[in-house]
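S.K.: The primary structure of each chain is shown beneath.
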Amino acid sequence: MVKCAAVSCIMESDLKTTVINGINSMRLLFAVFLMVSGTLALAAPRGDELFAAHCAACHGDTGAGGVGVPLSFPSFLDSVDDDFLRKTIRYGRPGRVMPAFRILSNAQVDAIVRYIRGWSDKPAPVFSDKPVAGNAKHGKQLFSSYCAACHGADGEGGKGTGVTFSRKRDLPIIAPALNNPGFLAAASDGMILHTLEYGRENTPMRSFLVQGLTEQDLDDLVSYVRSFANGKTPFDTPASSTAVAKTITAESSYSLQETIENLEGAIVSQNFILIRTETLEHGLIAEGEEDSKEIILHFCNFSFLYEALKLDPRVGMFLPCRVTVTERDGKVMVTTINPLYLSRLFNNNELDEYCRQMHDVYSAILEDATL
Amino acid sequence: MKTWFAGALLLCSLLQLPSLAHAEEIIMTRSVLAFPEAMLALQESIRAHGYTVSRVQRIDIGLTGMGYKTDKYRVVFAGKLEEIRQLTDKAPELTAYLPPKISIFAEGEQTVLVTLNPQLYAEIAGDAIDPIIFTHWESDLRSIFRDVNVAR
Chain A
-17 MVKCAAVSCI MESDLKTTVI NGINSMRLLF AVFLMVSGTL ALAAPRGDEL FAAHCAACHG
43 DTGAGGVGVP LSFPSFLDSV DDDFLRKTIR YGRPGRVMPA FRILSNAQVD AIVRYIRGWS
103 DKPAPVFSDK PVAGNAKHGK QLFSSYCAAC HGADGEGGKG TGVTFSRKRD LPIIAPALNN
163 PGFLAAASDG MILHTLEYGR ENTPMRSFLV QGLTEQDLDD LVSYVRSFAN GKTPFDTPAS
223 STAVAKTITA ESSYSLQETI ENLEGAIVSQ NFILIRTETL EHGLIAEGEE DSKEIILHFC
283 NFSFLYEALK LDPRVGMFLP CRVTVTERDG KVMVTTINPL YLSRLFNNNE LDEYCRQMHD
343 VYSAILEDAT L
Chain B
204 MKTWFAGALL LCSLLQLPSL AHAEEIIMTR SVLAFPEAML ALQESIRAHG YTVSRVQRID
264 IGLTGMGYKT DKYRVVFAGK LEEIRQLTDK APELTAYLPP KISIFAEGEQ TVLVTLNPQL
324 YAEIAGDAID PIIFTHWESD LRSIFRDVNV AR
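As you go down the protein sequences, you meet chains A and B in turn. Using the working numbering, the first residue of the first sequence is number -17, and each one after it goes up by one. Using the working numbering, the first residue of the second sequence is number 204, and each one after it goes up by one.
Don't read these hints as lab results, they were simulated from the structure. Computed from a predicted structure; not experimentally measured. It cannot be assumed that every hint is accurate.
To be verified - One side of the interface only, derived from the structure: several residues of chain B facing chain A at Cβ under 7 Å:
1. Ile229
2. Tyr271
3. Lys304
By construction, the Cβ of each residue, glycine as well, lies at the ideal position given by its N, Cα and C atoms.
With the hints as extra help, turn the sequences into a complete structure.
M.R.: Right, dumping it as structure tokens:
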């Protein structure tokens, strides 16, 4: 009986423990639920804030455009569907200024799209998702007659960005690069067809039906534009992403002062103008108290600079050109940025070529001055 | 109690991961202010955050002098002496990049600001530097850009 009572007591105790554990588990789940829902509520994406953080610098705080396309343009919003906007944010335009925002969540992308769509009082257009079957060969002929003048012979689009360095402000939109894998992945055949049919008001893009082309011609043009993809996708790895050195560095065979003099001569011989020579600490500490063993030479080639700024005004982050000379433990080192390492930041194929040229210039200057 | 609390915290922090992992390599902002006012707001905010403006480099003056038509364009160099010394001592590669710079240029009636995300310096410095300093810089830069963005 005693044994039985003991067993019963143990069982009761186990039951109590189980019940208490169960309650604790419920409490835990409820607490986690509260914290998660609280976190999610706090993190609910706000399109206006996301747009200000990620888009406004290029597209303008009201979407009126700048470095980037004027998104609030009524004729733009009337001719692109939400899927195009979503995919454009997600894929960007490889090789152009528009980056791929792969880090944003789907909810964040949707919030930005809703915010952009809010600039129009019309609902988002919906296009057929049926692929257009046209004659690409005939489309190619039409493209060279009707489209190439603005979009480029191979659909490479207008050049430059929206700032004055690059083009006149009275042109609101640069003809998009139709051959860009990001564009081709984002735009459906139906969307391209709609733009060909109706054009875009207040831009040089006019309705081709009004210009006398037939519906079959438009199908042929769509098929030709689609053929630009040629197996390329927005996810292809750009050649520039391969690992490269972060700086260009050389040890000098000369003293600090001799190296500086050599550099001044080498800079001029590369057709650059020497702007000034100063300590790295200049302006951070009283004159005379700076570390005189860390010297920067600033130089520029204005023609080169202008061309680079035309392609992307953000390259100013690395301007003017400079080399840094340091002396530590009797060793004199010369260091520059490596433009090949930095070119990936700009997502701009044309700028890559300038970065290659600048890499060669820096390398030549360092070689001339240190060997 | 401790276990479930830790679990809940871990879950919440996992949910926050995407924003922590977010590292734009170029940080940009736009100000509705005209260039001179935006430049003033920028320099005031840099100083308010404890940094010294070491130089303002005009880019456009050379260009206009050569006959090019340009907008207003400046590069603002800023930093803290002790931090710069510490970084260049431990990671000499950074001498090519320091002091940090902010590009500021007019775009019509408004102004655009651009800078390199300091996290990139961590990539350049490798293990030589505790990356916490670049996290602080990034936080300060974003705060400075926010100041300019909301300034009226």
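S.K.: Of the hints stated earlier, which fail here?
M.R.: none
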